[in-house]
Amino acid sequence: SAVISQKPSRDICQRGTSLTIQCQVDSQVTMMFWYRQQPGQSLTLIATANQGSEATYESGFVIDKFPISRPNLTFSTLTVSNMSPEDSSIYLCSVARAGGEKLFFGSGTQLSVL
Amino acid sequence: GEDVEQSLFLSVREGDSSVINCTYTDSSSTYLYWYKQEPGAGLQLLTYIFSNMDMKQDQRLTVLLNKKDKHLSLRIADTQTGDSAIYFCAESSDRGSTLGRLYFGRGTQLTVWP
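As you go down the protein sequences, you meet chains R and D in turn. Quick note: the first sequence uses this note's numbering, first residue 5, plus one each step. Quick note: the second sequence uses this note's numbering, first residue 92, plus one each step.
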């Protein structure tokens, strides 16, 4: 397995501000992903964080709203920009190794937007 | 979320067996997963099964896969109060989209009564 540290664990933010969530893995991983879990809903993939290049976004998610960085094989950030109450969710970082069928998750960031 | 369905709630007595069911629609699913989410925590990978298998057992956990009916179940033997959590069914498939993308159900809240 992989040890995934995600910060902050929770935050309460004002509408119109931005929050950057960090994901640190204890070893190099090939793939890093960002998921969103809206209240009472299943998890939805936001994007794949690509090392050294732009992230690959899923339908319905755009870079301007959710800019992602991945400067190396152990670290990634997700920014939730210009937040509104609809962005209140749990955001989860997940990782997989090359050829690995296992996807591991961080503990998540509980975001509340007022 | 609509591609993977599971019942939302299950209550059992401590010591009984729990069976959580899941159905999915994609016949090209390669791996199917069960994750556990405790309050305030991220997702913990419990077990997974390759689509060419029909059963996998791991201590108190038994996964059954009926590929013809696209039905997956998780049986927890001798259920304990510590098993109370939300259980997510997820599947991965080669849909021509993102490698490592999982499709999740909405989760089954398992409550274990002492």
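Some hints here could point you the wrong way.
[As the list claims (entries may be wrong)] A few chain D residues facing chain R, derived, Cβ under 8 Å:
1. Tyr122
2. Pro130
3. Tyr139
4. Ile140
5. Lys161
6. Gly173
7. Leu193
8. Trp204
9. Pro205
Simulated from the structure, these hints should not be mistaken for lab results. Every residue gets a Cβ at the ideal spot worked out from N, C-alpha and C, and that includes glycine.
Status of the hints after comparison with the structure:
1. Taking 8 Å as the C-beta cut-off, the interface hint given for Tyr122/D holds, the closest approach to chain R being about 5 Å.
2. A least Cβ separation of about 11 Å between Pro130/D and chain R goes past the 8 Å threshold, and the interface hint is therefore violated.
3. Restraint check, Tyr139/D versus chain R: the minimum CB separation of about 7 Å is within 8 Å; hint holds.
4. Restraint check, Ile140/D versus chain R: the minimum CB separation of about 10 Å is more than 8 Å; hint violated.
5. Here the hint on Lys161/D is broken, as its CB sits about 17 Å from the closest CB of chain R, past 8 Å.
6. For Gly173/D, the interface hint is violated, since its Cβ never comes within 8 Å of a Cβ in chain R; the closest pair sits about 18 Å apart.
7. Hint status for Leu193/D relative to chain R: holds, with the closest Cβ pair at about 6 Å, below 8 Å.
8. Annotation: Trp204/D was flagged as interfacial toward chain R, and the flag is violated, the nearest CB pair being 23 Å apart, outside 8 Å.
9. Interface hint status for Pro205/D: violated, as the beta-carbon distance to the closest one in chain R is roughly 26 Å, over 8 Å.
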